[in-house]
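**Q** Make the full structure from the sequences, and use the hints.
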Amino acid sequence: MFEKIHLLGFGAGGWGAALLGAAAITLILSALGFALGAVFGGLAAAGRLSSARIPRVLAKAYGTIFRGVPDLLTIYLFYYGGSVALTSLARLFGAQGFVGLPTFATGVVTIGFISGAYQSEVYRGAYLAIDKGQFDAAKALALTRLQMLRLVIVPQLLRHAIPGLGNVWQLVLKDSALISVIGLVELMRQTQIGAGSTREPFLFYFAAAALYFVIAGVTDLFFSRAEANASRGLAHR
Amino acid sequence: MIDPGFFLEIIPKLLAGLPLTLQLCTLSVLFGFVLALALALAQQGDSPFVLWPIRTFVSVFRGTPLLVQIFLIYYGLGQFRPNLQAIGLWWMFREPYWCAIIALTLNTAAYGSEILRGAIRNVPRGLSEASLALGLTRLQTLRLVILPLALRQALPAYSNEIILIVKGTSLASIITLTEVTGIAQELIAQTYRAMEVFIAAGAIYLLLNFLIVRALELLEVKLTPYRQR
Chain H
1 MFEKIHLLGF
11 GAGGWGAALL
21 GAAAITLILS
31 ALGFALGAVF
41 GGLAAAGRLS
51 SARIPRVLAK
61 AYGTIFRGVP
71 DLLTIYLFYY
81 GGSVALTSLA
91 RLFGAQGFVG
101 LPTFATGVVT
111 IGFISGAYQS
121 EVYRGAYLAI
131 DKGQFDAAKA
141 LALTRLQMLR
151 LVIVPQLLRH
161 AIPGLGNVWQ
171 LVLKDSALIS
181 VIGLVELMRQ
191 TQIGAGSTRE
201 PFLFYFAAAA
211 LYFVIAGVTD
221 LFFSRAEANA
231 SRGLAHR
Chain G
238 MIDPGFFLEI
248 IPKLLAGLPL
258 TLQLCTLSVL
268 FGFVLALALA
278 LAQQGDSPFV
288 LWPIRTFVSV
298 FRGTPLLVQI
308 FLIYYGLGQF
318 RPNLQAIGLW
328 WMFREPYWCA
338 IIALTLNTAA
348 YGSEILRGAI
358 RNVPRGLSEA
368 SLALGLTRLQ
378 TLRLVILPLA
388 LRQALPAYSN
398 EIILIVKGTS
408 LASIITLTEV
418 TGIAQELIAQ
428 TYRAMEVFIA
438 AGAIYLLLNF
448 LIVRALELLE
458 VKLTPYRQR
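If you're matching them up, the sequences are chains H and G in order. When we follow this note's numbering, the leftmost residue of the first sequence carries the number 1, and every step to the right adds one. When we follow this note's numbering, the leftmost residue of the second sequence carries the number 238, and every step to the right adds one.
Among the hints, erroneous ones may be present.
[To be verified] Under the rule of at most 27 Å between Cα atoms (straight-line distance), these lysine-lysine pairs were calculated in the BS3-like manner:
| hint | chain 1 | residue 1 | chain 2 | residue 2 |
| --- | --- | --- | --- | --- |
| 1 | G | 404 | H | 174 |
| 2 | G | 404 | H | 139 |
| 3 | H | 174 | H | 60 |
Bear in mind the hints are in silico, worked out from the structure with no lab data behind them.
**A** In structure tokens, the structure reads:
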């Protein structure tokens, strides 16, 4: 099997460049999905912490549903549901036949939606971990609400949130492989294509596993550094 | 817009996949727990020849997508058919059912062993010293003192892990097993009513998760009578 290792190389008939390119798509897809998830998660956390009942219930339902339902099911909902909506919209303008959603954008939105449900829990926990005296102190300094958020609350919130966000990122990276089912050629899909056309599935899936492992490890270092940076000046426990 | 008739039509179809979902989940959780416990106990020693392979196994299975693991086992190992036939294991790796269970088992064993390792380490040292001083053997100490305390402490984290496995069983549909998510996908492709199918299938999973969480909460209460007031 490993005598076929040249199939992963960069020479003629080598899949190295295709796999690395697909790994870059995986990384971009995950990063954009994670960033969008920060928006959804932030809004949902604000809803959970709100004193009004409706945002609280909605945010709670969002978190419970999208953390409890298999991600694959959510992907089908967004892809097929979105495509049906787009098809009927296209009919209005006289188009015919089935209109599929662009897979990359669907992937980003779906990952954003799922990871937002997880991120909201992280932000909520981080907010609740901030010492109440910090709010009083900010008020005593006559900071406006916006200044208080920007200068006092958010920096401390991030410090508490980074370890949890690192876990969500690892989840997102692995979830991005599921986006292959809607046909986006990211790392998983490209690996399937390579495995199919060379008939060397073990070699290709092994290579994919190694690439995911390296991406996970390298990006984890980034989170560790961010954590060290956010907690500088704190005594180490 | 919501059509009750359609729900009545699809819910029995989706429920037909539930036995398979439950089988995949139960077998993987059981096998995975046994393996996780063995791995956690093996890591209590300090021999690098034991620790190093286990740490590698754990970080590889935690650091790669479950889907890649399933494909590596189902499609990847299928390449070694003659070798597997020679050692009499081909019947297992030929079946998507067993491949899904093997992948889920190894995956949950990797995560579970970390939970159990932490729980065992958190049992106060004085307790095992006390039981050794009472003349219990090492095995008795483990069985009567350390494990009951560690397993009880691990229960909440382990219940999260079981939920992840319930969700993970959905990936079996990609290697042709028609469990609940597989049926949901077929129904969506046939009817194009993604929202209704999502609600019905999602409700099945949420209910299943809820029942598992409740059952384990009850187990936790039963195991910690001294904490009840």
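**Q** Against each hint, give a clear statement of whether it holds in the structure.
**A** Evaluation of the provided hints:
Pair hint residue 404 of chain G plus residue 174 of chain H holds up; C-alpha atoms about 14 Å apart against a cutoff of 27 Å. A threshold of 27 Å between alpha carbons decides the hint, and for residue 404 of chain G with residue 139 of chain H the separation of about 45 Å lies outside it, so the pair is violated. With a CA separation close to 25 Å, the supplied pair residue 174 of chain H and residue 60 of chain H stays within the 27 Å bound.
When each numbered hint is compared with the structure, a violation occurs for hint 2 only.
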